[in-house]
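Listed below are the residues making up each chain.
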Amino acid sequence: MKIQKPEDLTKVKTHGSQLLVPATVRITVGAATCGCAKGALKVIEALKHELKKQKVKADVVMVGCNGMCFAEPIVEVIKAGKPRITYGHVSVDRVADVVKSVKTGKVIEDLALLRYDEDKPAVCQEPLLYARGKVTAGYAKIKEYKKLDFFNKQLKLVSRNAGTISPERIEEYIARGGYAALAKALSNMTPQDVIDEVKASKLRGRGGAGFPTGIKWEACRTASGERKYVVCNGSEGDPEIAMHRSFLESDPHVVIEGMVLAGFAVGAQEGFIYLNDRYTLAYERVTAAIKQAEQIGLLGERIMGSPFSFTVKVKRGGGAYICGEETALLNALEGSFGEPRPRPPFPVQKGLFGMPTVVNNLETLANIPLIVLHGGKWFAKIGTSSSTGTKIVSLSGSVAQRCWVEIPMGTSVETIVTTFGKTNPKKVKAFQTGGPSGGILPAKALKVKLDYDALAKQGTLLGSGGLLVMDESTDMVDMARFFLDFFAEESCGKCVPCREGVKRLQEIVATFLDGRGTKEHLEVVKRMNEGMRDASFCALGKTAAAPLLSVMQHFPRELEKRMAQN
Amino acid sequence: MSDIKWLPDGQKMFEKLMAAVPEPMREPIRPKLLQMLAGKAAGQPVSGELVKKFVDEDLPEPQRSALMAALGMKPAGAAATPPPAAAAGWEGKAEMMFERMLQEVPDMMREVFRGKLMAIANQKAAGGPIKEEHITAIVKEIVPDPFKTNILKAYATMGDVDISKVEDIIAKHPGGDENLIAILHDVQAQYGYLPREALILISQKKNIFLSKLYRLATTYKAFTLDKPKKNVVTICTGSGCHVCGGSELLKKVEAAVSGDGADVTLEKVRCLGCCDLAPAVMINGQLYSGEEARAKLAEIL
Ligand SMILES: Cc1cc2nc3c(=O)[nH]c(=O)nc-3n(C[C@H](O)[C@H](O)[C@H](O)COP(=O)(O)O)c2cc1C
Ligand code: FES
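Chains as they are written, first to last, in numbering that gives the first Met the number 0: chain A, 0 to 565; chain B, 0 to 300.
Hints listed in this document are in silico derivations from the structure and should not be mistaken for laboratory results.
These numbers come from a predicted model, not from an experiment.
Honestly, I wouldn't trust all of these hints.
[As the list claims (entries may be wrong)] Label pairs and their calculated CB-CB ranges: (1) A18/B <-> L40/A: 57 to 65 Å; (2) Y213/B <-> A487/A: 21 to 29 Å; (3) A538/A <-> A254/B: 32 to 40 Å; (4) P344/A <-> A18/B: 36 to 44 Å; (5) G258/B <-> K99/A: 45 to 53 Å; (6) R342/A <-> D8/B: 48 to 56 Å; (7) G258/B <-> A538/A: 36 to 44 Å; (8) D58/A <-> A170/B: 33 to 41 Å.
Even glycine gets a Cβ: it sits at the ideal position worked out from N, Cα and C.
Assemble the whole structure, with the sequences as input and the hints as a guide.
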C-alpha cells in the first residue's frame with residue numbers, strides 16, 4: 000500500500016505490531032556483522048531446518064545488534080503470551096534445543112541471558128507487551144532486562160529498536176513509532192518549527208566538533224542556492240568504533256527519517272549517505288530500506304500527500320579517514336579526491352556541487368525523529384546542561400566485554416568500564432576517548448564524565464564516541480607511535496604542517512623507542528605542536544600531536560626511561 | 000624550417016594538421032614533416048591547399064586518411080564505403096587485440112584507422128580468418144612508438160581478464176564524476192582488483208583522463224591494482240585491535256607469507272568494524288577471531 004496521508008500510517012502500524020508480538024511464534028537471530036562473524040547465518044539455516052524437522056511453525060527473523068556483541072549469536076524466542084527470552088552464544092548444535100523449548104515451553108536455562116515481560120523503551124507510548132498473566136516459574140528464574148545493569152544503566156533512545164525489529168521490515172519500524180515524527184512535521188509544523196525544536200533541544204553534533212545542530216540548519220535554511228542538500232556522514236573513519244555500521248544494520252529507517260526531517264527543515268530535496276566502504280552489509284540493508292520507504296511513499300514525490308519531496312541515495316566511500324572531514328567528504332561525493340576544502344565558505348553556504356549543504360553525523364540525524372516527536376524541551380532535560388541527550392559509546396580494547404551502549408551524557412567513564420565492560424578499574428592503565436585525535440588519559444581520570452566540555456577540560460574530546468581501554472601490558476610510547484603512524488598514513492598530504500609535521504614527530508618517537516630520546520626532543524614536540532595546530536589546513540593535522548602530548552603529560556616516566564643515559 | 004615560405008593560411012593549416020597528430024608523436028615528427036613539405040613546395044610559398052595536397056599525396060596510410068579526415072578533406076575515391084569487417088571472421092583473441100590496438104588512437108581518428116587497419120588485416124589474412132599473429136604483425140610494422148610498446152605490453156597479459164562486464168557496470172552508473180567511485184567499487188567486486196583494461200575502458204566511455212582514474216584508484220584504500228592471490232588475509236590494526244595484539248599478529252603473518260610459495264595476499268586495515276572480535280582477522284571475506292582465526296590461518300599458510 001501507499002501512504003497518502005499521515006493517518007494511513009496506522010494500518011501499517013497494526014500489521015507491524017502483529018509481527019513484533021505474534022499470535023504464534025517469532026524467533027529472531029542477531030545478524031548484524033557481529034552476529035554474522037560468529038555464525039548467525041548458519042544458525043538461521045539450522046533453525047529453519049530444525050523447525051521443519053520438529054514440525055514447529057515460527058516466523059524466523061533476522062534482526063540487528065542489541066549491543067551485546069560479546070554474546071552473539073543471540074537468538075530470541077517470542078511465543079504468544081509468554082515473555083520474550085534472549086539466548087546468548089547459541090551455536091548451531093544448540094539450535095535443536097531452542098526449537099524443542101518452543102515446543103515444550105521450557106526455558107533453556109544455561110543459554111538464557113534475560114527476559115522481557117514487556118519492552119518499554121523510555122519514550123515509547125506503546126510498549127510491546129509479551130507476557131500475559133502471571134509469569135510462570137521456569138521463566139521467572141531468568142532475570143528481567145530492566146533488572147540487569149547492562150540495560151538499566153543505559154538510556155536507549157536512538158538505539159531503542161536495534162536488535163528488536165527487523166531492519167528489512169519497515170512495518171516493524173513504524174509499529175515502534177517510526178515515521179510518526181515525519182507525519183507530525185509534515186502535517187502540523189513549518190520548517191522553522193522543526194529548526195526551533197532542534198535548537199531548543201540543544202542537540203550538538205555527534206561527529207566530533209559538537210557544533211549545535213539547530214544553528215547549522217538555520218544557517219543552511221537562510222543560505223541562498225538553487226538546490227540544497229542533506230549529507231549524512233557515515234564515514235566512521237575512527238578505528239575502534241562501529242556504531243554506524245551496527246545502526247544501519249539494525250535500524251536503518253531511523254537515519255532515513257532523520258534525513259527527511261533535516262531536508263524538510265532546511266529546504267533540501269535530496270540527501271546522500273556517505274558510507275564507509277567496508278560496510279557492505281550496512282550498505283545492502285540501508286539500500287533495501289530506502290527502496291521500501293520509496294515503495295510505500297515515505298520517500299520520493301509528495302511524501303504523505305504533502306507538497307514536500309525528498310530522495311535519499313547511498314554512496315560508498317573509497318576508504319580514507321580524511322573523508323570523514325566534511326569538506327573532504329563532499330569532494331569524495333563529487334567523485335574527486337579526499338582533500339579538505341578551505342573554509343569559509345562553509346558547507347552550509349557552498350557545499351555539495353556548490354550548493355548549501357547540511358553535513359551531519361549519522362547519530363546526530365538519528366536523534367532528530369525523537370526531538371521532533373517529543374519536543375526539544377523534553378530532549379534538553381536528558382544528559383547535562385551543556386551536552387544534552389544520550390551518546391552511543393563503543394567500548395573496546397582491554398576490557399572483558401566489548402560492546403556498544405547508549406548512555407545519557409554525563410555518565411562517567413568508570414561506570415562504562417565497570418558496568419558494561421565488566422572490568423575492574425584497577426586493571427585499567429589508561430584510556431582514550433574521541434578516536435585517534437583524542438588524548439590518552441591515565442586511570443586516575445576515570446571519574447571524568449562523558450560530556451563535550453568535561454572531556455575538553457581534561458584535554459581530550461568526546462569525538463564520535465570511541466572509548467579505548469588500555470591495561471598494564473600497553474606501552475604508552477608505543478601507543479604514541481601507533482597513532483602517529485596512523486596519521487602518517489591518513490594525512491592527505493595537501494598541507495605541509497600536517498604532512499611533514501607528522502613525519503618529524505614519528506622520527507622523534509622512534510628515537511625514544513630506540514632509547515635515544517632527550518629532553519630537547521620533547522621541547523621540539525611542544526613547539527611543533529603549536530605550528531601544526533595553528534597552520535594545518537584541517538583538524539587532522541591540528542590534532543595529530545594530541546596522543547603524543549598526552550603521553551608526555553600523563554606518562555612522563557615512560558618517556559624518561561627511554562632517554563639517552565649520559 | 001627557415002627554408003619554408005609560409006602563406007598565412009598555409010601556416011594555419013599546418014598547425015591544424017599537427018594538432019591532429021597524437022600528442023606524444025607531435026614534436027618528434029614535426030621536423031620530418033616540415034622537411035617533406037619543403038620538398039613538396041620546392042621553394043614556392045606554402046598555401047593551405049598545398050598542405051592538403053601534401054597530406055593526400057605524400058603521406059603513407061593509414062595516417063593519410065586519418066589526417067585527411069581531421070582536416071575535413073574527403074579522401075579521393077572513398078565514396079562512403081562502410082569500414083570493411085573481418086572478411087572471414089576472427090580467430091583466438093584477434094578481435095580483442097584489434098580493439099586494444101585502436102584504444103591507443105585518439106578518438107577523433109579512431110574510426111578512420113579502424114577501416115584502414117581492418118583492410119590491412121584482411122589483406123594479411125588472405126581470405127582466411129584474422130589471426131592473432133596478423134594483428135601482432137600490424138602493430139610491429141605500422142604502429143609507431145610509444146604506442147607500439149604499450150600495445151605489445153598489453154597483449155602479453157591480454158585475455159587474463161575478460162572485461163566484457165565493465166560495459167554493463169558503466170551503463171549501470173550513468174552521470175558524471177560523482178559515480179566514478181561506485182563504478183570502481185563494482186569493477187573491483189567483479190574482478191577482485193582494478194584491471195588496467197577496465198580503467199582504460201572507463202576512461203574512454205566516461206571521457207575522463209586515465210591519470211585521474213589512477214589517482215582515485217591509488218589514493219583510496221578500497222582499491223587495488225594488483226590481482227589478489229588465492230587467499231586474501233586482512234588483519235586489523237585499528238587501535239582496538241592493536242591494543243589486543245593485532246599488530247603482533249600482523250608481524251607474525253607477514254613473516255609467514257614473506258617466503259615463497261604462500262599463495263596469500265596480506266592486507267592490513269584500520270578497523271574491520273567488529274572490534275569485539277579483537278584482534279579481528281578477515282580471511283577471504285569471512286571474519287574470524289581467537290582460536291578460530293589461528294586455526295584458519297594455520298590452514299592456509
Ligand atoms: C580528520 C577528521 C575526520 C572526521 N571523521 C568523521 C567521521 O568519521 N564521522 C563524522 O561524523 N564526522 C567526522 N568528522 C567531523 C566532520 O568534519 C563534521 O564535523 C561532522 O560530520 C559534522 O556533523 P555533526 O555536526 O552532526 O557532528 C571528522 C573530522 C575530521 C577533521
Ligand atoms: S579496531 Fe579492529 S575491528 Fe575495530
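Checked hints:
1. Remark: the range hint 57 to 65 Å for A18/B to L40/A is upheld by a beta-carbon distance near 60 Å.
2. With their beta carbons about 22 Å apart, Y213/B and A487/A fall inside the hinted range of 21 to 29 Å.
3. Taken as a hint, the range 32 to 40 Å holds for the pair A538/A and A254/B, whose Cβ atoms sit roughly 37 Å apart.
4. Distance hint for P344/A and A18/B: a CB-CB separation of about 39 Å, consistent with the stated range 36 to 44 Å.
5. Taking the beta carbon of each, G258/B and K99/A are about 51 Å apart, inside 45 to 53 Å as hinted.
6. At about 53 Å, the CB distance of R342/A to D8/B agrees with the hint of 48 to 56 Å.
7. Distance hint for G258/B and A538/A: a CB-CB separation of about 43 Å, consistent with the stated range 36 to 44 Å.
8. At about 39 Å, the CB distance of D58/A to A170/B agrees with the hint of 33 to 41 Å.
Against the hints set out earlier in the document, no violation occurs for any number.
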